[in-house]
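Protein chains: 2
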Amino acid sequence: MATKKLGKQTVCFSTPPVISSTYSIVGPKEGEGPLGKYFDLVLEDEFWGEKTWEKTESKIVKECISGCLGQEPVSNEDVDFLLSGDLLNQCVSSSFGIRERSIPYLGLFGACSTFVESLALGSMLIDGEMADTIIGSTSSHFCSAEKQFRFPLELGTQRPPTSQWTVTGAGAALLKAGGNGPKITHATIGKIVDMGIKDANNMGAAMAPAAIDTLYQHFQDTGRTPEYYDYIFTGDLGKIGKKIVKELIKTQGYNLDSNYEDCGCLIFDGETQDTHSGGSGCACCATTFCGYIYNQLKSQKLKKVLLCATGALMSPTTAQQQESILGIAHTISIEI
Amino acid sequence: MATKKLGKQTVCFSTPPVISSTYSIVGPKEGEGPLGKYFDLVLEDEFWGEKTWEKTESKIVKECISGCLGQEPVSNEDVDFLLSGDLLNQCVSSSFGIRERSIPYLGLFGACSTFVESLALGSMLIDGEMADTIIGSTSSHFCSAEKQFRFPLELGTQRPPTSQWTVTGAGAALLKAGGNGPKITHATIGKIVDMGIKDANNMGAAMAPAAIDTLYQHFQDTGRTPEYYDYIFTGDLGKIGKKIVKELIKTQGYNLDSNYEDCGCLIFDGETQDTHSGGSGCACCATTFCGYIYNQLKSQKLKKVLLCATGALMSPTTAQQQESILGIAHTISIEI
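Protein sequence lines correspond, in order, to chains A and B. Sequential numbering of the first sequence, starting at 31, is according to this note's numbering. Sequential numbering of the second sequence, starting at 31, is according to this note's numbering.
Because the hints were derived from the structure by calculation, they are not lab data. On a predicted model such as this, the values are computed, not experimentally measured, just so you know. No incorrect hints appear here.
Computed list of lysine-lysine pairs in DSS-like fashion (alpha-carbon distance at most 30 Å, straight line):
(1) LYS177(A) - LYS177(B)
(2) LYS35(B) - LYS328(B)
(3) LYS35(B) - LYS213(A)
Some but not every residue of chain B turned toward chain A, in silico, with C-beta under 10 Å:
(4) ALA32
(5) GLY115
(6) GLN120
(7) MET154
(8) MET344
(9) GLU353
From the three backbone atoms N, C-alpha and C, an ideal C-beta is built for every residue, glycine too.
Given these sequences and hints, build the entire structure.
Okay, structure coming up:
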């Protein structure tokens, strides 16, 4: 049967869904960073009145979706599906964050690629006439992520230079079948890429090959080159992963020297904020998109954007069992 | 815009996708149960030559998908998307199980509702012309689940009568845009239902309200009654959850007394296998469907089936933080 697929991994939407509104909430450190003024809400502390970091993260998800719906004459009842996921075990910040909403919920897990996964799938559901209105969201929290994936914060463990700083925050986007705003024209769904990297303190290096694989496939499938886009953004590779992407994609015949940046390099000031290789976490791509990039699209400073979010598919258990860190990347093309 | 939605939560497919083949692998205990003869492969022990239960679970996923593809003249390259998820932290049994396949991967998390979530979403992607061929799969393993969610097995902790036994196994289904076989005609996507239940040893009670909510909505959206179906199956409510569903759905005007069963009650012999309230885990619904129910559909002993998988959205961390157990249920209607 004929499908809307171009090439191996890319779907080309016949009626590109519209990103009708977005909302972003970040923690204080992100608010002090270079993109601070673009976020809708900057928290004063990492707890926001809650007793645990996990409860804070759920509250951030809850309020972020409220904020996103609040930009539009849209209520819970108008939303066909909510697609969300996060880094916490069993994706609990998403499920507890949305438990009071009566919205049909499809839980996702794509690690830090989740935001783009939610928008890619959401676009497929809308363009396939399964839905009219969809919310995609994701979150992360520096403290809950460090506790779960690395060391208790109280230990004050020294961080190696390759490590990244998990962004505290959430981003939510409202997709609609029609209307005005930036449109998602293509989605390229990634494959798992396993390069055998095992250093959980060097996620950028582990995820970069997945970003290269998906970007390469996007260009192959669409027949486009990087120059087609005003800007190409990856999700949270940080300085090291970004350098790898720029170098290695040249061996595949594409050049990203002039119009490529990584959200993990944008969200923190590497000189003054002590974040080593840069930002990471599901919220890195989500807040940078919902805050900064969406603003640039709406104001038409950027008209053609490729957003590629990468995820590291691993757990502390697999790391302890000497497994490598699997990478995946999904990408969407957004135009206004 | 007009969509394929009926009512609030149900999608009615215009060209119902076909479940072209299935495959199921189970552990020895499941093989000794009442459905033993229906499974494609029964393991001799819980390790299958691996050193850890997590690695075993990944191997089960890997071989289950191979088995599913092996039933058909279909190879990795022909599969547009693979949709999968599981109970392990960061869904690692899925991602490590499929890492060698070059198939675009969409990771899901719906706890024990994942199997139906994967078939529902897969059907939406096919009916929306985003794809032609999709695999949906999920897994669980008694030992990895007990270790992660409850107590180390070595402790020999006594299990309360309300507890359930996580099924060791995996199920995979191949969905295609056309061809012969049982067809998925409708999908009803559930909302999160929070009844404030906090007993992690009584998952059936925690998830039953979500099953009732989604079944009720399915009947409302489609205008059907339970009598329309030859049989209605829930995923892993066990004896206690099943009893709650049968009783409470009567208060909403529907009667399930004559044609309703729960996979958790079918897969083990409650009298002799010491599984207390019954089977649970992602693989409970997946293996019962891919083994037993699919067989009944293919042989036309059952022609109209409603499959409703329930998930408990919680983690040990949320339980320790006194949060309730959230429930969700997704359902698909399958006809031949």
